[in-house]
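With chain A's structure known, arrange chain B on it following the hints.
As given, the protein sequences belong to chains A and B, one line each in that order.
Going by this note's numbering, the first sequence wraps up at 447, each residue one higher than the last.
Going by this note's numbering, the second sequence wraps up at 1164, each residue one higher than the last.
Calculated from the structure, these hints are not laboratory results.
Being a predicted model, the structure only gives us computed values, none of them experimental.
A virtual CB, placed ideally from N, CA and C, is assigned to each residue, including glycine.
There are no misleading hints in this set.
Partner residues aside, some chain B positions facing chain A, computed with beta carbon under 8 angstroms: (1) T1104; (2) R1114; (3) S1137.
Computed beta-carbon distance windows for the label pairs: (4) N295(A) x E1151(B): 30 to 40 angstroms; (5) Q1075(B) x E169(A): 53 to 63 angstroms; (6) N1164(B) x R318(A): 29 to 39 angstroms; (7) G413(A) x F1065(B): 20 to 30 angstroms; (8) I189(A) x R1132(B): 24 to 34 angstroms; (9) A1044(B) x F339(A): 51 to 61 angstroms; (10) E1151(B) x Q289(A): 39 to 49 angstroms; (11) G332(A) x D1069(B): 29 to 39 angstroms.
What follows is each chain in one-letter form.
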Amino acid sequence: MNKGRLVFFSVLIAWSTAFLWSGGLAQAALRIDITSGQVQPMPIAIPAFAGASGGEAQAGSNIAGVISADLASSGLFRPLDPRSFIQNVSATDSTAPQFADWRQISAQALVTGSVQTQGDGRLGVQFRLWDVDAEQQLAGFSYTTTQQNWRRIAHIIADEIYKRITGEEGYFDTRIVYVAESGPAQDRIKRLAIMDQDGANNRYLTDGRALVLTPRFSPTAQEITYLSYAGKTPRVYLLNIDTGQQEVVGDFPGMSFAPRFSPNGNRVILSRAINGASNIFVYDLRTHQATRLTNSNSIDTSPCYSPDGSQIVFNSDRGGSQQLYVMNADGGGIRRISFGSGRYGTPVWSPRGDLIAFTKIGAGSFYIGVMHPDGSGERLLTQGFLVEGPTWAPNGRVLMYFSQGPSDSRGYGGSPHLQTIDLTGYNHRVVPTPGAASDPAWSPLLR
Amino acid sequence: MRIKFIGLAGLLLLLAACSTTPPPPGPPGGPGGPGGPGGIAPGAAVPGSQQDLAQTAGDRVFFEFNQSDISSQAQQILERQASWLQHYPNVTVTIEGHCDERGTREYNLALGERRADAVKNVLVAAGIPAARIATISYGKERPIVPGSNEEAWAQNRVAITTVN
Chain A
1 MNKGRLVFFS VLIAWSTAFL WSGGLAQAAL RIDITSGQVQ PMPIAIPAFA GASGGEAQAG
61 SNIAGVISAD LASSGLFRPL DPRSFIQNVS ATDSTAPQFA DWRQISAQAL VTGSVQTQGD
121 GRLGVQFRLW DVDAEQQLAG FSYTTTQQNW RRIAHIIADE IYKRITGEEG YFDTRIVYVA
181 ESGPAQDRIK RLAIMDQDGA NNRYLTDGRA LVLTPRFSPT AQEITYLSYA GKTPRVYLLN
241 IDTGQQEVVG DFPGMSFAPR FSPNGNRVIL SRAINGASNI FVYDLRTHQA TRLTNSNSID
301 TSPCYSPDGS QIVFNSDRGG SQQLYVMNAD GGGIRRISFG SGRYGTPVWS PRGDLIAFTK
361 IGAGSFYIGV MHPDGSGERL LTQGFLVEGP TWAPNGRVLM YFSQGPSDSR GYGGSPHLQT
421 IDLTGYNHRV VPTPGAASDP AWSPLLR
Chain B
1001 MRIKFIGLAG LLLLLAACST TPPPPGPPGG PGGPGGPGGI APGAAVPGSQ QDLAQTAGDR
1061 VFFEFNQSDI SSQAQQILER QASWLQHYPN VTVTIEGHCD ERGTREYNLA LGERRADAVK
1121 NVLVAAGIPA ARIATISYGK ERPIVPGSNE EAWAQNRVAI TTVN
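Isolated chain A (complex conformation) (with noise of 0.2 angstroms):
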């Protein structure tokens, strides 16, 4: 575009060659603040991945897809059609761009990308993803896995895309845990199931004989933490995703429930009800020690740390009606940070720290919140007849949540679906699974 970019161009590494260098290049022309409200989404054009076999090329169609859709969802880009497409990227392997063809079409950014099986018969991809104005590439990687593993490099490619872009991480490689409902509402079948974040893989991994709610991730292992009536009691269980294998969490009488792993993924906070009063405890998972954090004759629930592990948001009766309450992790320091009119409850700390979301009740209908740390700041995202259960992306930017209407008198109508939301309040999706779903938790990113 201008005459300075000719000195980024002439160190950068010739297209031809090796892919594995990553940029780092200092700021790019081609960037979008998503922290500004509604965005026009950039113009990006997606080519079907070169590949040389019948089977490369469905492939390279295939991951080009879910590349565009993922980067679509975001509400930041709008992939091109590919029929609009003048050059043809996809024929050749390794070909420099014709940059005026993409222009033309408006394209303002590109990318670019071939599949080969390898000798081992894994599958091999890379890409590369292109200013179009500025003529330059801004990123380009290579990547080996398993041939059945494809969705997982489509997804790793557009969080990339998406980083490079907005400078944020991105939320693609990921998965979601969550509840599919089924049957009328008094008489409900409930069964946690896992899927993509985009909907694909859906699995189920109960069989929807005990009731379960409420599944949250591991940040560090491949577990979930949730809640089980499968004994006479209802309580925090463990299920190993990879296995199926369940576990009690402590040995606690009395229903406990609200549990979320601590950051470091060692412990397990809860709620345990006791004499009618639900307090919280921290289970440790290494030595079976639980301490209690909250001692009162009230509702106490809800739980969930910071971050960095050091405070632990939660929702508590204790002030006459359900509010925010955060306190330190040792259980000391406990202040109210909610004071709108209404109920609120559900909270949950963003993975960047600097906000809390929460599902608040108030004049007939329900909302989704956010509020800094300190209670200032309170904006509603959404609202619904029944919307409730935030979960935060990775990269702290968007949203999910569960959205259910009225059910008739039948107990038909009501069911929960789940829908994704911006912080700019923008951007409201509904999240596709097979049926009925409700209590999603959002994964951390999969590598």
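Chain B in isolation, oriented as in the chain A frame:
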């Protein structure tokens, strides 16, 4: 009918049952467990059964929105339940606490527990050993009456005494 056990307490029980208004009729089908119809059903109930409890004393008490306070009407029903439990000393019960849908999931689990526990406290105060009374909360998970309206919600803010 075991006439020899009625005595004075039983006579008072019969008089109490006649003099107070019957509990609101419940819908067919109880939540979870073995319970039959929660409301007034025709026909003779098996002594010591859920139906017998429901017909004799009333097997459920209701709560105000977001509250676990025992109302005066609830107190009367629970005292009748206590008498009935005295009458059948081998019967154990589980108090199920429920909430309507207009709350968040975990808080409702806790509120259901508080309601169940409040009922248990009344029964224990009326002389029933705590060991005979278990509690369980279903939060908003097992609404007794489907529907999103005030009538259904009022029926779902309930603690149900179920015969084990």
